[in-house]
Amino acid sequence: MSARFSVGEPVTVRAAFPTPPCHIRTPFYIRGKTGKVERICGEFRNPEQLAFGNYAADVIPLYRVRFDQARVWPGYDGNPKDTIEVEIFEHWLEPAPGDR
Amino acid sequence: MPHDPHEHDHAHDHDHDDHAPVTEAEPNGPYQHLANATRELLIEKGYFGPDDIRRMIERIDERSPALGAKIVARAWTDPEFRARLLASGRQAIEDTFDTDVIAADLVVVENTDAIHNVVVCTLCSCYPVFVLGRPPDWYKSYAYRSRVVREPRAVLREFGTQIADDREIRVHDSTADMRYLVVPKRPEGTDGWDEEALAGIVTRDTMVGVAEVPTPA
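Line by line, the protein sequences are chains D and G. According to my numbering, the residues represented by the first sequence are -15 to 84, in order. According to my numbering, the residues represented by the second sequence are 8 to 224, in order.
Keep in mind that the hints were calculated from the coordinates and are not lab data. You may find that some hints are simply not true.
[Said to hold, decoys possible] Listed below are the simulated DSSO-like cross-link pairs for lysine-lysine, each with C-alpha atoms no more than 27 Å apart in a straight line:
#1 G:K77 / G:K147
#2 G:K147 / D:K17
#3 G:K192 / D:K65
#4 D:K17 / D:K65
#5 G:K192 / G:K77
#6 D:K65 / D:K20
As the structure is a prediction and not an experimental result, all values here were calculated from the model.
Full structure from sequences and hints, please.
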């Protein structure tokens, strides 16, 4: 499997809120936010399947995405250069071509 | 005559309030019963013995931030190692130090005059136990996990750490398979110090990013 996104590419985290029971490692606060791929971490088994005992879970790319804090938190009180980096699995990301 | 419980005039030679009450942090709820039953079954079926579990717990408990401090001191003094460490943390550490196999990829980030890094796991308590030992309680608290991502400067101030307004603060949320180690800024006044002396001033909190290494007196 090859990575769909490349380093530096703008991406938006899906604003999805699946109905429990589920095990999702995409934090609520980052869903719907747009950032840029900081690095491709490699490929790991999908925790959403692993959590239910499926040890043959799909192996999928994991990214680190860098977000501007000012775009994550309304009214962010800090240096406008402040950033936050979050690990996000590929199926939670969409291209954000308008955000170069 | 029965003793009047309100008649309480004898001298106290001890303080009743000098320690917190002993409480059960995690009552024996359904998950604890499940874990106990699973462990007992695995022992009964001979997968491992009680001593194996005890030894494993001891090994985990014995880990400390000492390896992390050595790694930072080496990075401060050896530019070639520093470059390898920042490029591929796990590989550089396994190639250089006598350590157990490291269980996860390690992202190593470096504090500079322009950037200060701080690490959190908002979803649970992911922490690089293999280089820093067991995480402190505050790292696992809801307060730290929920606040450091949205008001890192305020949280760092509560740790006594003032980050200049013009330095970028970069928060790392350890949400999946990576683990994180911060290489703090080497303080002034340590020129010519050897690795051992340098490792002696690197603390756990500086490698999580909630503190900086102070300039030695």
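Subject >> Hints breached by this structure >> reply: Hints that this structure does not satisfy do not exist here, as all of them hold.
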